[in-house]
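Undergrad: This is what each chain is made of:
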Amino acid sequence: LDAYALNEPRAEGLAVAQREPERVRAIVQAEHAFVWRSLRRLGVPADAVDDATQQVFLVLCRRIKDVGSGQERSFLFGSAARVASEYRRKPFRHREVLEDEIDDRAGAAESPEKMLQRCQDRELLDAMLDELPMEQRTVFVLYELEELTMVAIAELIGIPQGTVASRLRLARERIEQRARELIEQRAKEGT
Amino acid sequence: MDGPKRMREEGSPELRRILRSSSIDEPPPGAMHRTLKRVGMAGAATAAVTAATGTAAAKTAASPALGLLGLLKWGGIGVIAGTMTLGTVKVVTTVTAQRDPTVAPAASVETVPLVRVPTAHAIASAQPSATASASAAPSAAARSLIPTVSESAAPPVSSASSLTVEMQELEAVRRAIAQGRGAEALVQLDAFAAQHPRARLSEEAAVLRIEALMASGASGQARSMAEEFLRTHPNSAFGDRVRSLELGTRN
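Each protein sequence line maps, in turn, to chains S and W. Quick note on numbering: our numbering labels position 37 of the first sequence as 110, and the sequence is numbered without any gaps. Quick note on numbering: our numbering labels position 171 of the second sequence as 1626, and the sequence is numbered without any gaps.
Just so you know, these hints were derived from the structure itself, not from any lab. C-beta: ideal position from N, C-alpha, C; glycine also. It is possible that part of the hints are untrue.
[Claimed, not checked] Stretch-level coverage of chain W by chain S, calculated; a stretch enters the list once three of its residues show a Cβ under 8 Å from a Cβ in chain S: (1) 1479-1488; (2) 1618-1628; (3) 1635-1648.
Bound conformation, chain S alone:
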């Protein structure tokens, strides 16, 4: 983990950001949701994603001069992956806040049964993703959940397309196998 990722001297980052405020603002507006989703899917607990997102953009502020035009998303995703790795090592990562998370978005119209189902599904997804090595998880998240193309993923994380394809294949095999196991386990627990 880059030391700057979580120990960012905030004042320094802000001072740099103030030199290019319009650019920073534009990047935040364009990429905030992508960074937020990426952090969540790379293993940051739901109740910590906001803070982690802010940390990623603080890193951007400090390094804005080093980030070339067109490289912003790639830089942010790299930072997000490092920040997520740090969060994944923290003890509170297993805290479950999915009920609140879902409740905020579901609205009152959803039945408790459906809400519970989605809650369980999202927990299963977290469990399946947690068992992937980080490099496979990254490719899987970007391809299957973010729906980027393999070319875009290769460019985003700076690896050959063939490597993207092989990591994705391995990740899919693991996910399919783990999904079968978890579904069977859930069925047994339900009976």
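Start from chain S and add chain W according to the hints.
TA: Chain W alone, transformed into the frame defined by chain S:
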């Protein structure tokens, strides 16, 4: 596509359902606003929140009925008609549990004339403190449209004026989508969510977000969100619209 078919489209039904549960992974209202503040861009955060308002309000000032007609024509007529009242009404606004601490507490207001759409200036002046601190005193004409409050009270927020602002902001979003500016529409919707954490037109905003995602090429996310919308709002007036959008994502 340059890779295999995605698992959420071809996997087992259980796996597809599990993968689609990731559709809830979206920033909560106000998250971008807080990030902008965290990186020392409080002014930018305010601008982000109010940009759509300002643009929409300015355009609406030239043609006050435009925003209303635009929204009405795409299907929100039932919802809007149910909440928009012409004439003079007594409004007591109490906004509780604001998720964004930068939004000022609401004030109690009295008689609010709602016979016409407020001018841009009046709308801006009636916004919460995110914009009010930098605004000048409203004109006499605009002042007549603003609820009366004591000098020490926070800037007033009337239910009706905030509804009007919501409509105008969403009209701006709709125009952006119609002109193929999907990414911009998504930014505007983020600003809308930040500004209106408990928006009355939240269903309309959700439908527009689906359209914006489609316009920006994220058909998978659009489909997931459409499916989610239909699950959570089975009796919505926008149901047919969303179903047609959902079908469109499959083409």
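Undergrad: If a hint holds in the structure, say so; if it does not, say that too.
TA: Hint-by-hint comparison with the structure:
Check result for the stretch 1479-1488 of chain W against chain S: holds, 7 residues qualifying (beta carbon to beta carbon below 8 Å, three or more required). Residues of the stretch 1618-1628 of chain W lying with their CB closer than 8 Å to a CB of chain S number 0, which falls below the three-residue condition for coverage. Coverage of the stretch 1635-1648 of chain W by chain S holds. Counting CB-CB distances below 8 Å, 4 residues qualify, and the rule asks for three or more.
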